[in-house]
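Chemist: Once you have looked at the hints, place chain B on chain A.
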Amino acid sequence: MKYAGLLAMPAGFFLSLAALVLFPAPAPRMIFVLCGLAVEAMGLAVAVRGHMEARGDRRP
Amino acid sequence: MTAAVIAPMTDSVFALTLALLLLAPLAIAGLTLVNTGLGRSRSAAQSLLGSLGIVAVAAIVFALAGAAFAGSPQGANHSFTLAGKSWNWLGAGSWLLGGFDSATPRTQLMLLFEFLSVALAALIPWGSGAERVRITTGCAAAALLSALVFPLTAHWIWGGGWLSQLGANFGLGAGFLDGGGAATVHLLGGLSALAVVWITGPRKGKFPQEGLATAMPGHNAVYVLFGCLLALVGWMAWNVAGAILWLHAPASALTGTALNTLLTASAALVAAFAVTRIRFGKPDTSICANGWLAGLVASSAGAGLFSPAAALLVGLVAGLATPLLVELLELALSIDDPSGAIAAHAGGGAWGIVAVGIFAPQAGQLLAQLVGIAALFGLALPLIYLLFRLLDCILPFRADEEGERLGMDLYEMGGSAYPEFVIHRDESSR
Chain A
1 MKYAGLLAMP
11 AGFFLSLAAL
21 VLFPAPAPRM
31 IFVLCGLAVE
41 AMGLAVAVRG
51 HMEARGDRRP
Chain B
1001 MTAAVIAPMT
1011 DSVFALTLAL
1021 LLLAPLAIAG
1031 LTLVNTGLGR
1041 SRSAAQSLLG
1051 SLGIVAVAAI
1061 VFALAGAAFA
1071 GSPQGANHSF
1081 TLAGKSWNWL
1091 GAGSWLLGGF
1101 DSATPRTQLM
1111 LLFEFLSVAL
1121 AALIPWGSGA
1131 ERVRITTGCA
1141 AAALLSALVF
1151 PLTAHWIWGG
1161 GWLSQLGANF
1171 GLGAGFLDGG
1181 GAATVHLLGG
1191 LSALAVVWIT
1201 GPRKGKFPQE
1211 GLATAMPGHN
1221 AVYVLFGCLL
1231 ALVGWMAWNV
1241 AGAILWLHAP
1251 ASALTGTALN
1261 TLLTASAALV
1271 AAFAVTRIRF
1281 GKPDTSICAN
1291 GWLAGLVASS
1301 AGAGLFSPAA
1311 ALLVGLVAGL
1321 ATPLLVELLE
1331 LALSIDDPSG
1341 AIAAHAGGGA
1351 WGIVAVGIFA
1361 PQAGQLLAQL
1371 VGIAALFGLA
1381 LPLIYLLFRL
1391 LDCILPFRAD
1401 EEGERLGMDL
1411 YEMGGSAYPE
1421 FVIHRDESSR
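Sequences listed follow chains A and B, in order. Position 37 of the first sequence, counted from 1, bears residue number 37 in our numbering, the numbering being contiguous throughout. Take any residue in the second sequence, note its place counting from 1, add 1000, and you have its number in our numbering.
Read the hints as simulated data drawn from the structure, not as lab findings. Heads up, a few of these hints could be off.
Straight line, CA to CA, 20 Å or less: simulated EDC-like cross-link-like pairs of lysine to aspartate or glutamate [as the list claims (entries may be wrong)]:
(1) B:LYS1085 x B:GLU1210
(2) A:LYS2 x B:GLU1330
(3) A:LYS2 x B:GLU1401
(4) B:LYS1204 x B:GLU1420
(5) B:LYS1204 x B:ASP1011
(6) B:LYS1204 x A:GLU53
(7) B:LYS1282 x B:GLU1210
(8) B:LYS1085 x B:GLU1327
(9) B:LYS1204 x B:GLU1330
Derived CB-CB ranges, DEER-like [what the hints assert, rightly or not]:
(10) B:PRO1025 x A:PHE14: 17 to 25 Å
(11) B:ALA1092 x A:LEU7: 42 to 50 Å
(12) B:LEU1082 x A:ALA27: 38 to 46 Å
(13) B:LEU1229 x A:ALA27: 41 to 49 Å
(14) A:MET42 x B:GLN1209: 29 to 37 Å
(15) A:CYS35 x B:LEU1082: 27 to 35 Å
(16) B:TRP1089 x A:LEU7: 30 to 38 Å
Yeah, the Cβ is synthetic: ideal placement off N, Cα and C, and Gly gets one too.
Chain A extracted, bound-state conformation (with noise of 0.2 Å):
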């Protein structure tokens, strides 16, 4: 799961990353820069979400 999460995180950047080329207007822009930013939130909070259920299976 921690995994998924950190593979998640570079696709929100790229998407980010497109934005700069594909949409020359600010308002897209930012729209989808905020999108790829929400992609990575995402795949940071599956890969804490992975962190704390191996967290829960290994405590003393």
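Modeler: Then chain B, alone, in the frame of chain A:
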């Protein structure tokens, strides 16, 4: 503030910047004291020796290879063209600091600044892995950061890379701005700390099977608070030097840069003090110290760009957020970070970068800053985690149970930092 036309550096500005960079290591010394004080006494000497080792390894590895990848704004680089734009993604400088003697004074100072930055960035995760990470593994992790990850981000932001060119290529303000290393040093260091904590897991006894997380207070509040004061001196020098080198600030802006650094840290401390006083009935030393550091970190990106009022606001937000972030990480997310580096450095750094976008006058600056954050979270964190995971297979980060029971001082070095004191009972047996 753009990199369009940069006047040659006069002798007096060169001397001033060099003097500032000679003071900047006080920030490293301060952080080392904070990390040591926030750990338990049984691992204090190991913490300090490990810090020295990490600084040494980071400097050597950066000299051997990292500086070549980091490059310099006018230096050789690796680029490719995409969508009609040039994407400068990696420096192509000389190995082993070749050509350093013949470089311009500005380039030499930039390199010195990067040496200090890589040492500080490599030191940040050491505090988060305190009391359970071996010195050799900590140094090996520092080597990976110094050879691969830091040079990459330093080139993107300071070495004329694609993030610094967002202004010229896409009309996003002046490109990604980071005068004092909020991104290259602190966000990167904070994300490395997160990776280390994920890989090593918590200290023994930190999260019992039932009930809340066990409090494991630091052993020396004096170290922690004196470290904070020491860090202030280093940070002021660091931010002013960074404003000269990376933001091309005029002489009239330098006093304001130092003042903004002080104001941001002060507001952050007052906010953290107030939050902990309200929540716990008494101010909490470690969280206040982390609030102070978060304020300093938040000032790093744009102390040379903020107005004094903006600096106060930036510090206030950093100070309010830090205690909440520390609690969130420990109580809700089961992340054991003894030094609070993830909250102070990653949290404070990210906020400082965004704050530059909010308060900078150029249109599109906020977007440039957000793209920089996306690059660090989206590429740097997975890369660091992958590298550290591979390292963990060769040199395990975590010491064995005996090491944790004895304390890292006895386990790794055979002697305690405070040999004349009676060793207290074993908290980890609970």
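Chemist: Each hint needs a verdict: does it hold in this structure or not?
Modeler: Here's how the hints hold up against the structure:
For the hint pairing LYS1085 of chain B with GLU1210 of chain B, the CA-to-CA distance comes to about 56 Å; that exceeds 20 Å, so the pair is violated. A C-alpha spacing of about 18 Å is found between LYS2 of chain A and GLU1330 of chain B, which places the hinted pair at or below 20 Å, so the restraint holds. A hinted pair counts as satisfied when its Cα atoms are at most 20 Å apart, and LYS2 of chain A with GLU1401 of chain B does not qualify at roughly 25 Å. Distance check on the hinted pair: LYS1204 of chain B and GLU1420 of chain B sit about 26 Å apart at the alpha-carbon level, beyond 20 Å; violated.
Proposed proximity of LYS1204 of chain B and ASP1011 of chain B is contradicted: the alpha carbons are some 55 Å apart, above 20 Å. Restraint check: the Cα-Cα separation between LYS1204 of chain B and GLU53 of chain A comes to about 17 Å, which is no more than 20 Å; the hinted pair holds. Distance restraint check for LYS1282 of chain B and GLU1210 of chain B: the Cα-Cα separation of roughly 27 Å exceeds the 20 Å cut-off, and the hinted pair is therefore not satisfied. For the proposed pair LYS1085 of chain B and GLU1327 of chain B, the alpha carbon gap of about 44 Å is over 20 Å, so the pair is violated.
Of the supplied pair hints, the one linking LYS1204 of chain B and GLU1330 of chain B holds, its CA atoms being roughly 14 Å apart against a limit of 20 Å. PRO1025 of chain B and PHE14 of chain A have their C-beta atoms about 38 Å apart, which leaves the hinted 17 to 25 Å range violated. Hint check: ALA1092 of chain B to LEU7 of chain A, Cβ distance near 30 Å, so the stated range 42 to 50 Å is violated. Separation of LEU1082 of chain B from ALA27 of chain A is about 23 Å and departs from the stated range, judged on CB atoms against 38 to 46 Å.
The supplied range of 41 to 49 Å is met by LEU1229 of chain B and ALA27 of chain A, whose beta-carbon atoms lie about 46 Å from each other. Between MET42 of chain A and GLN1209 of chain B the beta carbon distance is about 30 Å. The supplied range of 29 to 37 Å therefore holds. Separated by about 20 Å at the C-beta atoms, CYS35 of chain A and LEU1082 of chain B break the suggested range of 27 to 35 Å. A C-beta distance of roughly 21 Å is found between TRP1089 of chain B and LEU7 of chain A, which places it outside the suggested range of 30 to 38 Å.
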